[in-house]
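If you read the sequence shown in full-length UniProt numbering, its first letter stands for residue 1, the second for the next number, and so on.
Hints may contain errors.
[What the hints assert, rightly or not] Below are the SDA-like pairs computed for lysine to any residue, each with C-alpha atoms no more than 25 angstroms apart in a straight line:
| no. | residue 1 | residue 2 |
| --- | --- | --- |
| 1 | Lys62 | Ser49 |
| 2 | Lys62 | Gly46 |
| 3 | Lys73 | Arg29 |
| 4 | Lys79 | Phe22 |
[Claimed, not checked] Per label pair, the in silico range of CB-to-CB distance:
| no. | residue 1 | residue 2 | range |
| --- | --- | --- | --- |
| 5 | Thr26 | Tyr66 | 15 to 23 angstroms |
| 6 | Arg67 | Phe44 | 15 to 23 angstroms |
| 7 | Phe22 | Gly72 | 27 to 35 angstroms |
| 8 | Lys62 | Arg29 | 28 to 36 angstroms |
| 9 | Phe22 | Lys79 | 25 to 33 angstroms |
| 10 | Lys73 | Ile47 | 28 to 36 angstroms |
| 11 | His31 | Gln69 | 12 to 20 angstroms |
| 12 | Asn27 | Lys79 | 26 to 34 angstroms |
Rather than coming from a laboratory, the hints here were simulated on the basis of the structure.
C-beta atoms are modelled at their ideal positions from N, C-alpha and C, and glycine is treated no differently.
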Amino acid sequence: MKKKILRNIPDLATERYEEGDFFPHTNKRWHESDLEYIAKFYDFDGIESVSMALGRSEESVKSRFYRLQRAGKIDSYRKFGRFWIK
1 MKKKILRNIP
11 DLATERYEEG
21 DFFPHTNKRW
31 HESDLEYIAK
41 FYDFDGIESV
51 SMALGRSEES
61 VKSRFYRLQR
71 AGKIDSYRKF
81 GRFWIK
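Between the sequences and the hints, there should be enough to build the whole structure, so can you do that?
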């Protein structure tokens with residue numbers, strides 16, 4: 001009869017991570033390149049892809065996009081072309 005090996009392994013489904021583990025740029029300033037990336041790729045790549053590319057949470061990317069939109073800066077950042085070529 002085989003001996004059962006008991007291990008102290010945390011349940012991965014319920015394991016919680018700090019937000020900074022996935023999003024290293026949390027609570028850091030937004031750079032011009034980040035704003036240009038959001039303006040150019042938010043509609044095409046989707047929020048999940050953009051948030052992972054920038055290292056920020058989906059909620060912060062969504063909030064920043066709508067803030068730029070309200071300020072009327074989306075088109076200017078799309079035409080900016082300094083950091084990202086599309």
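Against the structure, the hints:
no., hint, verdict
1, Lys62 to Ser49, "holds, 12 angstroms"
2, Lys62 to Gly46, "holds, 10 angstroms"
3, Lys73 to Arg29, "holds, 18 angstroms"
4, Lys79 to Phe22, "violated, 30 angstroms"
5, Thr26 to Tyr66: 15 to 23 angstroms, "holds, 18 angstroms"
6, Arg67 to Phe44: 15 to 23 angstroms, "holds, 20 angstroms"
7, Phe22 to Gly72: 27 to 35 angstroms, "holds, 31 angstroms"
8, Lys62 to Arg29: 28 to 36 angstroms, "violated, 18 angstroms"
9, Phe22 to Lys79: 25 to 33 angstroms, "holds, 31 angstroms"
10, Lys73 to Ile47: 28 to 36 angstroms, "violated, 18 angstroms"
11, His31 to Gln69: 12 to 20 angstroms, "holds, 19 angstroms"
12, Asn27 to Lys79: 26 to 34 angstroms, "holds, 29 angstroms"
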